[in-house]
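First to last, the sequence lines map onto chains A and B. Going by this note's numbering, the first sequence opens with residue 1, and the numbers climb by one from there. Going by this note's numbering, the second sequence opens with residue 258, and the numbers climb by one from there.
Any given hint could be a false lead.
Stated by the list, open to error - Cut-off 30 Å, straight-line C-alpha distance, at most; resulting in silico cross-link-like pairs (DSSO-like, lysine-lysine):
| # | chain 1 | residue 1 | chain 2 | residue 2 |
| --- | --- | --- | --- | --- |
| 1 | A | K108 | A | K56 |
| 2 | B | K495 | A | K108 |
| 3 | A | K56 | B | K443 |
| 4 | A | K199 | B | K495 |
| 5 | B | K384 | A | K88 |
| 6 | B | K611 | A | K199 |
| 7 | B | K384 | A | K159 |
| 8 | A | K29 | B | K611 |
| 9 | B | K453 | A | K56 |
| 10 | B | K532 | A | K56 |
| 11 | A | K224 | B | K611 |
| 12 | B | K453 | A | K88 |
As the list claims (entries may be wrong) - Okay, the calculated bits of chain B under chain A, using three or more residues with CB under 8 Å as the criterion:
| # | stretch |
| --- | --- |
| 13 | 345–353 |
| 14 | 593–605 |
Said to hold, decoys possible - To be clear about the criterion: a stretch of chain A counts as covered by chain B if any three or more of its residues have a C-beta under 8 Å from a C-beta of chain B, and this derived list gives those stretches:
| # | stretch |
| --- | --- |
| 15 | 148–157 |
| 16 | 171–182 |
| 17 | 191–204 |
Hints listed in this document are in silico derivations from the structure and should not be mistaken for laboratory results. Heads up, the beta-carbon is just placed ideally off N, CA and C, and yes, glycines get one too.
Listed below are the residues making up each chain.
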Amino acid sequence: MSWNEFIYFAAAALVLWFSGVVALYLFKKRYFSDLLISAGLIVFASFIVLLWIWLKHPPLRTMGETRLWYSFFLVIVGYLTYLRWRYKWLVAYSTLVSAVFILINLLKPEIHTANLMPALQSPWFVPHVTVYILAYAMMGAATIAALIALYGSSAESEKLINMIDNLVYIGLAFLMAGILMGALWAKAAWGDYWSWDIKETWALITVCAYLLYIHSRRGGYSRKITLWIIPIGFVLLMITWLGVSYLPAAQGSIHVY
Amino acid sequence: MDREGKGRKKTYITELTIVLAVIVAGAALQIVTGPFNSAIVRFPANAVFLLIFLVAAALPPNSVVARLGTLSLSVILISSFLILSLIMGLIPQSGIVNSWPFALTYLMLLTNLVLVAGRRARAFRLKDSGFMLNHAGLFILLFSAGFGSADSGKYFMTVYEGRVEWRGENIKTGQIDELPVAILLKNFDMEEYFPKSIIIDKRSGDAIPSYDWVIVSDSLVDNDNHAPAAYIRASNNKTGDKYEGWVSCGNYSQPFRVLDLTERICVAMAYPEPKSFSSEIEVKRERGSSKSGVVQVNHPLTVGSWKIYQYSYDMQKGRDSGYSVFQLVHDPWLIPAYIGIFMLFIGSVTLFWKGGKR
Ligand code: HEM
Chain A
1 MSWNEFIYFA AAALVLWFSG VVALYLFKKR YFSDLLISAG LIVFASFIVL LWIWLKHPPL
61 RTMGETRLWY SFFLVIVGYL TYLRWRYKWL VAYSTLVSAV FILINLLKPE IHTANLMPAL
121 QSPWFVPHVT VYILAYAMMG AATIAALIAL YGSSAESEKL INMIDNLVYI GLAFLMAGIL
181 MGALWAKAAW GDYWSWDIKE TWALITVCAY LLYIHSRRGG YSRKITLWII PIGFVLLMIT
241 WLGVSYLPAA QGSIHVY
Chain B
258 MDREGKGRKK TYITELTIVL AVIVAGAALQ IVTGPFNSAI VRFPANAVFL LIFLVAAALP
318 PNSVVARLGT LSLSVILISS FLILSLIMGL IPQSGIVNSW PFALTYLMLL TNLVLVAGRR
378 ARAFRLKDSG FMLNHAGLFI LLFSAGFGSA DSGKYFMTVY EGRVEWRGEN IKTGQIDELP
438 VAILLKNFDM EEYFPKSIII DKRSGDAIPS YDWVIVSDSL VDNDNHAPAA YIRASNNKTG
498 DKYEGWVSCG NYSQPFRVLD LTERICVAMA YPEPKSFSSE IEVKRERGSS KSGVVQVNHP
558 LTVGSWKIYQ YSYDMQKGRD SGYSVFQLVH DPWLIPAYIG IFMLFIGSVT LFWKGGKR
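Let the sequences and hints guide you as you build the complete structure.
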């Protein structure tokens with residue numbers, strides 16, 4: 001067992017997962033999709049276990065090894081969220097992002113030998129990134145729904161509002177988990193759980209925006225104004241995720257490698 | 258939605274006015290006395306604040322203080338906090354973190370939060386658990402991180418192999434302080450990745466991509482006290498030119514070596530990148546026992562209320578470094594902060610589970 005066999009396991013898992021997603025949409029009974037997705041997870045998990053035994057240490061030291069875990073956890077957490085909330089599209093999304101990570105691992109296999117810098121060698125790395133990817137999905141969906149509610153008829157808005165609240169609550173749960181894990185990681189890596197680093201600051205700004213939505217929804221403000229917080233929050237989230245490295249303020253940040 | 262329309266509007270204008278007035282007062286204070294110095298809330302001042310917070314939270318809900326715990330105030334305070342953080346995120350040099358307006362906003366936010374949590378605690382029902390975990394947890398975390406951090410200390414300490422050091426450079430003040438903990442460095446150990454061979458432009462020194470040249474390196478030399486070196490064979494696809502020879506990145510005692518390919522370009526070796534570095538230490542305390550252990554990045558050593566982090570080493574010498582630099586952090590409010598973080602973790606699970614249902 002080594003990375004050479006990855007392609008077979010990955011292909012099998014992907015086929016099972018994607019047929020699981022298709023089954024989710026085609027059949028009323030959940031039986032088929034449950035079976036297919038679980039089987040995919042077992043195949044993928046077996047590869048991780050066998051690789052672990054072969055390496056004689058947990059596969060967490062290289063970028064390629066970290067991607068292996070994203071691919072795995074994304075499908076697990078996406079599927080668990082589906083089991084709780086019945087959002088089929090989330091399973092499709094998680095599987096797709098998972099497939100992208102698998103593809104990168106297959107196309108750039110030299111990554112398996114390129115090692116992570118010491119600060120990234122942490123058990124927090126994988127869950128931290130995974131929950132942010134899922135938060136991104138929830139908030140992205142909430143943004144689309146909020147825009148439809150804003151520009152659509154009031155009947156449409158009435159129909160969507162509960163789902164929007166739901167998406168924001170679930171997304172905020174992921175964002176909170178992400179920022180808290182970031183804090184624990186920062187404490188272990190450089191001695192402070194909070195240091196107003198630029199990326200931390202932006203993560204906080206994003207959380208504040210969605211907190212503002214949740215609280216103003218309960219405060220009886222105009223729905224139109226309140227709903228606008230969601231797309232604005234999503235822009236802030238995008239800056240946190242992608243844009244921070246390009247801000248002039250990012251010079252010297254510990255998060256820009 | 259609109260049932261509270263007018264009344265709501267009036268109260269939130271009052272509250273907006275109050276918050277703005279406090280922020281402006283903070284700005285005035287800033288101009289007169291300079292930036293906010295967190296040293297003024299050092300123990301016992303922070304303990305007094307905590308007591309006041311808790312008493313305020315326990316006061317009957319119809320008192321004047323309870324008006325500081327309304328939801329419309331929360332919305333305004335979260336917005337103010339958002340805007341101040343946004344300025345910080347755009348202009349880190351703005352000094353907002355150490356400004357009076359920010360400190361006062363933080364104070365108002367904590368007051369509001371503790372009153373909100375106190376009110377709900379008084380009529381507590383099991384279905385409020387998520388609410389309590391989030392709000393009480395956030396209060397505990399923000400209190401520890403804000404008021405508590407005034408009691409924390411951070412120091413750099415440089416220790417030579419085989420020696421004991423007890424003086425540290427205070428990161429906040431830049432002064433050299435004698436600390437109640439001393440470190441004996443038994444051994445510093447470092448592993449490096451074997452450096453890559455790269456083609457560089459001789460004039461600029463920059464690495465450049467070159468698709469015409471095939472570089473094969475063998476006979477890698479990688480011993481302690483020697484600079485990494487490799488025997489390189491380079492051949493050009495197009496012209497068939499072939500060169501070979503030793504290449505090394507050099508180190509503090511040995512010069513670097515390159516292999517010339519043309520007038521303009523040569524093969525050189527990049528500097529080695531650290532794979533891991535760790536220090537075997539023994540920590541002695543003024544009072545209490547000593548403790549031995551290994552510290553490395555992401556794996557600090559905890560001794561009482563001190564945490565010792567691997568911070569740096571002699572960069573010039575790399576793995577032959579004769580000393581190790583530690584960061585020592587002392588934070589008596591760390592346990593409460595962790596409790597707050599833990600409560601918020603569970604709180605976010607309840608957010609996930611309950612969703613937006615009322
Ligand atoms: C981690 C951060 C926070 C989360 C996840 C959160 C979440 C929530 C949720 C879910 C509710 C509705 C709860 C329910 O009705 O059962 C709520 C209500 C409320 N929150 Fe927060 N909140 C947070 C921070 C804050 C902050 C910073 C403030 C104030 C500065 C605040 C003030 C309030 C108030 C006043 C209410 C209404 C309480 C009531 O009706 O009794 N929250 N919050």
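- Is K384/B within 30 Å of K159/A, Cα to Cα? 26 Å, holds
- Item | 8 Å C-beta test of the stretch 593–605 of chain B against chain A, three or more residues | holds (count 6)
- Item | Within 8 Å of chain B's CB atoms, at least three CB atoms from the stretch 171–182 of chain A: coverage verdict | holds (count 6)
- Task: Would you check the hint for K453/B and K88/A, treating anything up to 30 Å between C-alpha atoms as holding?
- Result: 46 Å, violated
- Query: Taking only the CA atoms, is the gap from K495/B to K108/A under or equal to 30 Å?
  - Reply: Roughly 27 Å separates the two Cα atoms, so the pair holds.
- Query: Three or more residues of the stretch 191–204 of chain A near chain B by CB distance under 8 Å?
  - Reply: holds (count 9)
- Query: Regarding the pair K29/A and K611/B, is the alpha-carbon distance no greater than 30 Å?
  - Reply: Roughly 25 Å between the alpha carbons, so the hint for K29/A and K611/B holds.
- Within 30 Å, alpha carbon to alpha carbon, are K224/A and K611/B? At roughly 24 Å apart (the allowed maximum being 30 Å), K611/B and K224/A satisfy the hint.
- Message: For K384/B and K88/A, compute the direct alpha-carbon distance and say whether it is at most 30 Å.
- Response: 28 Å, holds
- Starting from K199/A, check that the Cα of K495/B is at most 30 Å away, please. Outside the cut-off at roughly 47 Å; violated.
- Item | Restraint status (C-alpha distance of K108/A to K56/A at most 30 Å) | 23 Å, holds
- Task: Verify the coverage statement for the stretch 345–353 of chain B against chain A, using a C-beta to C-beta distance below 8 Å and requiring 3 or more qualifying residues.
- Result: holds (count 5)
In this structure, the hints that do not hold are numbers 4, 12, 15, in rising order.
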